[in-house]
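S.K.: Next come the chains, spelled out residue by residue.
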Amino acid sequence: MEQAKHIGLRENVISKLGVNPQDAIIALTYFTISFATLLIGGLLGLIQGLERAGLYSLPAGFNYYQVLSAHGLLLLVVFTATFTIGYQLANLSHSFNGLLPKVRKMIWVGIVLKVIGVVLAVTMIVLGEASVLYTFYPPLAAHPIFYIGLVLLVLGIWSVAFGVFINYRHWRKENPGQPTPILAFFAMGVFVLWFFASLGVTIEVFMIIPWVLGWVETINVMVTRTLFWWFGHTLVNIWYLVATSAWYIIVPKIVGGKHFNEKLIRLVVILLVVLNIPGGFHHQIIDPAISLSIKFLHVFMSLSIAVPSLMTAFAMFYVLEKAGRKKGGKGLFGWFKKLPWGDVRFLAPMIAMIAFIPGGAGGIVNTSNQMNQVVHNTMWVVGHFHVTVGVSVVLTFFGICYWLIPHLSKRQLTAKMNKVGVIQTWIWTIGMTIMAGSMHLAGLVGDPRRTSDTTYAGHETALSWLPYEYVFATGATLLLIGVIIQVYAVFNMMFFAPKGKTEYPVAEPEDDQPKVPMWTERWGLWAIVLLAVVAMAYVIPIVDMIVNAPPGSPPIKTW
Amino acid sequence: MSKLEEIWMTVSIGILVIFMVIVGYQTYALGMGPPSHKETIDPQEVEQTAPFDNPGLIDLGDNQYELVMTLEAFAFNPGNVEVPVGAEVEFTMTSKDVSHGIQIPGTNVNAMVLPGHIQKITQTFDEPGEYLVVCNEYCGVGHQAMFTTITVK
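These protein sequence lines are chains A and B, in that order. In the numbering used here, each residue carries its 1-based index in the first sequence increased by 486. In the numbering used here, each residue carries its 1-based index in the second sequence increased by 92.
So here's chain A without its partners, still in its complex pose (with noise of 0.2 angstroms):
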């Protein structure tokens, strides 16, 4: 009896306590980083939106591929990542209740190698001698410093991964038998799918490495970019896998509900981290050098991560369901309407669940063979990840700011804050559909991506592109009001707003919820699992490209 009003008690301060005050310091520098990066990369994304209209031309000396190249890179790779990075520390430190002191150290250690790698590529691409954008194929080559800072970058990734990892055993080592709270399950998820991802363009990069430095002449184009492509789609998965850790844990919750049943949101989690790498080979389903029974094979493997994703789709309709009737929502559509639309915590992720159902459709038509071949390298595709990533996963991460910012730096989400987070979401939301939808529409009458000028002499085909040009600057003119408001709330809420409490929105299961089965636990199984789909995937067309490779390629500069 004592002992179990003992448990009961350290339980209930466990639950009370939030973040470690160490812990919430590192997730905070990472927050810092990651909104400062957004608004640099905001910029250049709007710059880029109005010299493509010819609405705007840069300064001599500068040129758009330069600052597309920094676009992508600060935040594709740096914006989202550091945001993860904050969030999933924070989420374990709550779930563990403070992480282990080396776990700290190492992951200070990865803040400083990430910094550092970060300024050394995107020094290199400012001084121009890295416009090789964020996929960097092959034979395009940069200075060989941008790779290095790439190479820091990952080693700064791979510090946090395994100090997760170390953390994650030690508290399955103290509490044997039970499982992990599910918000630690995730970050194990994330973690997991982010090292294996990036052991693809690790390799990558050590190819080049000693291409560029002259020590080797010529490279396996094929296999770079294969290997890139490991990593490229992968990491924009992982992403929307960190969205999700909020969309099945902290919107219901905040809807005054309970979280889905915790076996199959793990099994959802498990999914998506051991069937995600081969889903990159869709890019590279009009290359030369892949047979058409391989790259069927892909579309095979590239639809199987929908699965998971439509599991998603039930799971969060029917939280939100039970939680709209259980306020009294009627009829079949009532419960929708007694959902807290006012509160910016749910309204942004909400918007963002929404956005992955012709996110996740447009992800098929990119999948298919013959459908891929009409829409590859065209505004669609940019169009299409300025919907998954830029709103099904940013507008997740712009919600968590609200609560997460506050609960860490000590202070409140006062309604005045709410209300601008509500105002933000709704220009966000109208920003990116005016300029998603019209990149849409460009790419399928084939206006290219990723080129500064497409008015080719002022042929009428190219012509008709430029209305929709004109659009997507009008969208990402809304857009950058939207970062530049989204930055001042983050600013604000770390070191202006009223001190106070908030609260860390982690929902409970239902009652009578059967208990969650420990195999899920596994990860040592399920990297093996992993291992073995990219086996399946990788192992016949990188032995083909490797066996029947042409003579390689000296390092070019085209710019």
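It is possible that part of the hints are untrue.
Residues from chain A shown here face chain B by an in silico Cβ test under 10 angstroms; the list is partial [what the hints assert, rightly or not]:
| no. | residue |
| --- | --- |
| 1 | 618 |
| 2 | 623 |
| 3 | 704 |
| 4 | 786 |
| 5 | 797 |
| 6 | 799 |
| 7 | 854 |
| 8 | 864 |
| 9 | 936 |
| 10 | 945 |
| 11 | 991 |
| 12 | 1034 |
| 13 | 1040 |
With a straight-line cut-off of 20 angstroms between C-alpha atoms, the simulated PhoX-like cross-links for lysine-lysine are [said to hold, decoys possible]:
| no. | chain 1 | residue 1 | chain 2 | residue 2 |
| --- | --- | --- | --- | --- |
| 14 | B | 212 | B | 188 |
| 15 | A | 824 | A | 812 |
| 16 | A | 813 | A | 824 |
| 17 | B | 95 | A | 808 |
| 18 | B | 95 | A | 749 |
| 19 | A | 1043 | B | 188 |
| 20 | B | 130 | B | 188 |
| 21 | A | 824 | A | 905 |
| 22 | A | 744 | A | 1001 |
Only some residues are given here: those of chain A computed to face chain B with a beta carbon under 7 angstroms [to be verified]:
| no. | residue |
| --- | --- |
| 23 | 629 |
| 24 | 771 |
| 25 | 779 |
| 26 | 796 |
| 27 | 851 |
| 28 | 859 |
| 29 | 862 |
| 30 | 863 |
| 31 | 867 |
| 32 | 937 |
| 33 | 1042 |
Since the hints were derived computationally from the structure, they do not count as laboratory data. Glycine included, every Cβ here is placed at the ideal spot set by N, Cα and C.
Fit chain B to the supplied structure of chain A, relying on the hints for placement.
M.R.: Chain B alone, transformed into the frame defined by chain A:
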């Protein structure tokens, strides 16, 4: 798993399977698979290697043509090709330097052209007109200037 969830997953996975069947039917039965040619070439010896030592339009008779084309920063060679209405043109292409892409808006011609690899794609031009041909893979500072036309008359 609840009954409703079972129905939802069965229907949605069923749709994905139907989707696969359609893509497979188009690829294998209708010959609509994406460009996937597997021949290779030394990317530093393109100008000395047949058929790229003599790029141009080859008349195969019966209104069929082979267009042997090299892509380089920042040009298609040959450019400004003319073919008659109804011509079936097989593009045979390679790159002399970095990665390029060929896209003809308004048609399904869209293929990656990479150094070291020969890529093929076929298109029948049934409608007369001046078709824009663009490079749709970033290839350097003059990427936006890499375009040509195919005139069908």
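S.K.: Mind checking the CB of residue 862 of chain A against every CB in chain B and telling me if the closest is under 7 angstroms?
M.R.: holds, 5 angstroms
S.K.: Check whether the Cα positions of residue 813 of chain A and residue 824 of chain A lie no farther apart than 20 angstroms.
M.R.: Since the Cα atoms of residue 813 of chain A and residue 824 of chain A sit roughly 7 angstroms apart, the hinted pair holds (cutoff 20 angstroms).
S.K.: Let me know if the C-beta of residue 851 of chain A comes in closer than 7 angstroms to any C-beta of chain B, holds or violated.
M.R.: Check failed: Cβ of residue 851 of chain A comes no nearer than 10 angstroms to chain B, outside 7 angstroms.
S.K.: Compare the distance between the alpha carbons of residue 744 of chain A and residue 1001 of chain A with 20 angstroms, and conclude whether the hinted pair is satisfied.
M.R.: Roughly 16 angstroms between the alpha carbons, so the hint for residue 744 of chain A and residue 1001 of chain A holds.
S.K.: Are residue 212 of chain B and residue 188 of chain B close enough, with their CA atoms no more than 20 angstroms apart?
M.R.: holds, 16 angstroms
S.K.: Close enough to count: is the Cβ of residue 618 of chain A nearer than 10 angstroms to one in chain B?
M.R.: holds, 8 angstroms
S.K.: Taking only the CA atoms, is the gap from residue 824 of chain A to residue 812 of chain A under or equal to 20 angstroms?
M.R.: Within the cut-off at roughly 9 angstroms; holds.
S.K.: Check the hint pairing residue 95 of chain B with residue 749 of chain A against an upper bound of 20 angstroms on the C-alpha distance.
M.R.: Holds: residue 95 of chain B and residue 749 of chain A sit about 16 angstroms apart, inside 20 angstroms.
S.K.: Going by Cβ atoms only, is residue 779 of chain A closer than 7 angstroms to chain B?
M.R.: violated, 9 angstroms
S.K.: Verify the interface restraint on residue 991 of chain A: the C-beta must sit less than 10 angstroms from at least one C-beta of chain B.
M.R.: Violated: closest Cβ of chain B sits about 25 angstroms from residue 991 of chain A, beyond 10 angstroms.
S.K.: Does residue 95 of chain B pair with residue 808 of chain A here, judged by a C-alpha cut-off of 20 angstroms?
M.R.: This hinted pair holds, its Cα atoms lying about 16 angstroms apart.
S.K.: Let me know if the C-beta of residue 629 of chain A comes in closer than 7 angstroms to any C-beta of chain B, holds or violated.
M.R.: violated, 15 angstroms
Hint violations for this structure: numbers 11, 23, 25, 27 and 31, all remaining hints satisfied.
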